[in-house]
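Taking the hints into account, I'd like the entire structure generated from these sequences.
Protein chains: 2
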Amino acid sequence: MPNSSSIQGAPSAQASAKIPLGSVGVVHTQFLHFDEPLPLASGHTLSSYDLAIETYGTLNADASNAVLICHALNASHHVAGISAENPDDIGWWDNMVGPGKPVDTNVFFVIGVNNLGSCFGSTGPASIRPETGKPWGAAFPVLTVEDWVSAQARVADRLGIKRFAAVMGGSLGGMQALSWAITLPERVAHCVVVASTPRLSAQNIGFNEVARRAIITDPEFHGGDYYAHNTVPRHGLSVARMIGHITYLSDDDMAEKFGRTQREPAANGAYHYGYGVEFEVESYLRYQGEKFSKYFDANTYLLITRALDYFDPAKKTGGDFARAIAPAQADFLLVSFTTDWRFPPERSREIVQALLKNGQPATYAEIDAPHGHDAFLLDDARYHSLMRAYFLRIAATLDVPQALRASSEVRP
Amino acid sequence: MPNSSSIQGAPSAQASAKIPLGSVGVVHTQFLHFDEPLPLASGHTLSSYDLAIETYGTLNADASNAVLICHALNASHHVAGISAENPDDIGWWDNMVGPGKPVDTNVFFVIGVNNLGSCFGSTGPASIRPETGKPWGAAFPVLTVEDWVSAQARVADRLGIKRFAAVMGGSLGGMQALSWAITLPERVAHCVVVASTPRLSAQNIGFNEVARRAIITDPEFHGGDYYAHNTVPRHGLSVARMIGHITYLSDDDMAEKFGRTQREPAANGAYHYGYGVEFEVESYLRYQGEKFSKYFDANTYLLITRALDYFDPAKKTGGDFARAIAPAQADFLLVSFTTDWRFPPERSREIVQALLKNGQPATYAEIDAPHGHDAFLLDDARYHSLMRAYFLRIAATLDVPQALRASSEVRP
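These protein sequence lines are chains A and B, in that order.
According to my numbering, the first sequence is numbered sequentially starting from 1.
According to my numbering, the second sequence is numbered sequentially starting from 413.
Keep in mind the hints are simulated off the structure, nothing from the lab.
Ideal placement from N, C-alpha and C gives every residue a C-beta, glycine not left out.
Heads up, none of these hints are tricks.
Below are the SDA-like pairs computed for lysine to any residue, each with C-alpha atoms no more than 20 Å apart in a straight line: (1) B/K727 / A/G274; (2) A/K294 / A/T231; (3) B/K727 / A/Y271; (4) A/K291 / B/I628; (5) B/K669 / B/P782; (6) B/K703 / B/F532; (7) A/K316 / B/H684; (8) A/K294 / A/A228; (9) B/K727 / A/E264; (10) A/K316 / A/E146; (11) B/K727 / A/G269; (12) B/K669 / A/D312; (13) A/K315 / B/R675; (14) A/K257 / B/D724; (15) A/K316 / B/R675; (16) B/K727 / A/H272; (17) A/K257 / A/L377; (18) B/K727 / B/V554; (19) B/K706 / B/H634; (20) B/K728 / A/N268; (21) B/K728 / A/G269; (22) A/K316 / B/Q674; (23) B/K727 / A/R263; (24) B/K574 / B/N472; (25) B/K728 / A/H272; (26) A/K315 / A/L40; (27) A/K357 / A/Q329; (28) A/K316 / B/G681; (29) B/K706 / B/E632; (30) A/K294 / B/T629; (31) A/K315 / B/N680; (32) B/K574 / B/E598; (33) A/K315 / A/A41.
A few chain B positions that, by computed beta-carbon distances, are all more than 10 Å from chain A: (34) D447; (35) E448; (36) P449; (37) L485; (38) G545; (39) H641; (40) Y707.
Here it is as structure tokens:
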């Protein structure tokens with residue numbers, strides 16, 4: 001077990017001047033190397049791998065205050081604070097995690113892990129394969145949510161955490177939290193699942209498949225070995241991201257944000273009668289697609305969308321999700337958002353009904369928010385109050401010094 | 413005005429043996445050539461053009477029984493019956509149009525016109541440009557719904573039809589019907605608008621834009637002049653179609669049709685852990701995309717999605733749709749389907765509310781059907797009963813020989 005001071009991201013004196021109130025400050029990515037082979041659902045074994053992580057707060061003496069935050073498709077281990085590598089890079093759930101925030105880093109020791117197969121520091125398709133000295137490319141094994149849980153469990157082992165106070169995540173992150181509670185029940189005290197689902201629908205899989213086809217049929221994809229050609233399938237990846245982006249927003253939200261506003265109308269508001277950018281929504285989607293295609297790895301996109309498709313804990317129990325989740329020992333919090341049409345409230349209610357059927361402890365909130373699936377990332381007062389209250393309840397069960405715990409009782 | 417016998421598709425003696433009950437029989441495409449220049453919304457002018465049409469039934473003496481059927485994105489003038497060119501090609505609205513069917517060809521003279529810019533016989537981007545002797549390609553002008561109405565009006569002139577008993581269509585076809593009622597009010601007695609909208613939403617435009625990006629960024633697109641390279645952007649077009657297809661079906665319908673059924677599972681129902689076809693829904697979408705990319709012209713896809721985006725009669729009236737539709741003299745029938753999330757019932761209700769506000773005659777039905785946007789093409793009993801009743805009401809206003817009219821009073 002490492003010295004706890006080495007696994008917290010303490011802000012440096014220089015950087016602290018521009019750290020916003022409630023921020024965990026400047027954080028450094030830590031890299032953990034694992035040499036023990038990792039058997040995968042596919043039958044393959046990864047002989048060794050690295051995982052990029054960040055941590056915030058301090059692990060308490062009995063290692064009972066750890067919270068694992070699992071990320072969704074395009075996010076990373078950089079959950080909160082300011083990246084030491086890039087001061088403009090604020091963690092993707094910075095509004096949720098920090099001193100005095102709903103997941104209070106004065107109380108909890110919070111861990112973000114970049115998933116295996118991703119492209120932000122953990123071993124993935126773009127990494128050098130030890131056996132060949134070249135990027136894995138198409139040879140990188142397909143992973144599942146369960147594989148990620150196995151890899152994350154080794155991070156917990158390394159940090160000396162036997163049982164998490166909470167495992168939490170939104171969307172695909174919520175699936176990982178569910179999978180933790182099911183596959184490693186004794187290691188999860190609370191399971192927080194936001195804007196998620198017990199399994200993808202045919203429509204969800206359909207959108208993923210279209211995105212994958214856009215990538216795979218891009219001639220620059222080169223069968224997944226585009227690294228060797230010094231190129232990337234940027235057009236395909238851009239189209240994939242544009243499709244995804246539409247499904248993250250609600251119809252109303254898009255209407256509110258963009259409506260039919262023209263980008264740069266011709267004289268008297270006329271159309272240009274062409275296929276360039278005519279409407280604001282086109283400009284926005286193109287920008288999102290192009291930006292994404294510059295920083296995200298196309299093979300990772302394939303891999304993560306496939307892990308989404310494959311997630312289905314009830315596959316082993318003949319479709320009976322209640323039976324699948326029965327082994328869990330956690331207390332559950334489920335949250336959904338009314339305008340989320342990617343993983344709508346019905347999907348969360350399925351999970352709740354399964355838990356209730358089994359007599360397992362569950363709290364459920366359906367938040368009336370206009371922002372579609374993306375709502376889980378946004379700072380909505382009712383949503384955050386609920387999360388705060390839930391984590392205060394968890395905090396009350398912990399052996400945390402009074403000095404630390406006090407801050408969570410004061411609203412920032 | 414042509415001889416009426418030349419503008420009906422009478423079945424040949426040979427083919428009649430396999431004509432199903434209620435079918436208009438074997439029909440031949442007719443080509444109408446127009447030499448009078450057509451001014452377009454874009455400011456361009458088309459100096460001459462051809463339109464492919466089909467007609468069913470017989471025009472009565474005072475030319476008062478004509479019904480114009482406008483088609484949606486990927487359909488054509490082949491509305492009903494069996495194509496003389498291909499006996500497997502049944503018209504896209506054959507369940508709606510025919511002897512004894514809701515739009516009864518024993519009573520009505522029905523016309524289908526392939527839209528200008530489409531790829532089923534009418535002049536479009538793949539046609540030879542007279543000035544150059546080469547395909548139009550990227551030089552073909554962008555068209556609008558209003559341009560189609562102008563072109564269709566010339567078909568009516570050619571056939572001697574001053575006023576249609578009804579102009580009708582679903583989806584984009586419904587927009588053309590609306591546009592007819594607004595721009596040529598004295599020529600439309602009844603306007604039937606099914607599963608349509610007064611304008612596209614930001615989400616609708618977003619999906620169209622992603623589809624266009626998939627086509628335009630396909631290297632085989634060659635800036636729209638792929639004909640000269642003897643190729644087609646089939647991957648981009650296939651992705652475009654897959655996106656479209658998802659939006660035509662309801663989430664529930666896809667769940668019902670495909671669920672998470674695996675296509676050819678590995679041993680014991682296991683996954684294959686790859687990016688080939690794993691689920692039925694993937695197989696279906698890939699098939700639809702590939703089939704489409706073999707028969708549909710990519711430039712036409714761009715053109716028609718743009719016409720969809722641009723449709724907005726209220727653009728000229730400061731966003732006030734009631735004011736935009738006020739000139740219409742037609743009696744309106746509006747139909748929407750509960751699970752249509754492409755053009756949901758709210759959009760049809762906007763049209764109805766505008767008509768009611770103006771005191772214009774309107775009938776509205778919201779059909780509880782599970783099939784999403786595609787429902788407008790399907791044979792739903794409540795939907796078809798309604799259409800039948802509405803067209804019987806229209807028939808009662810016409811001077812149609814009793815012998816013909818009788819058949820519409822007997823259910824087939």
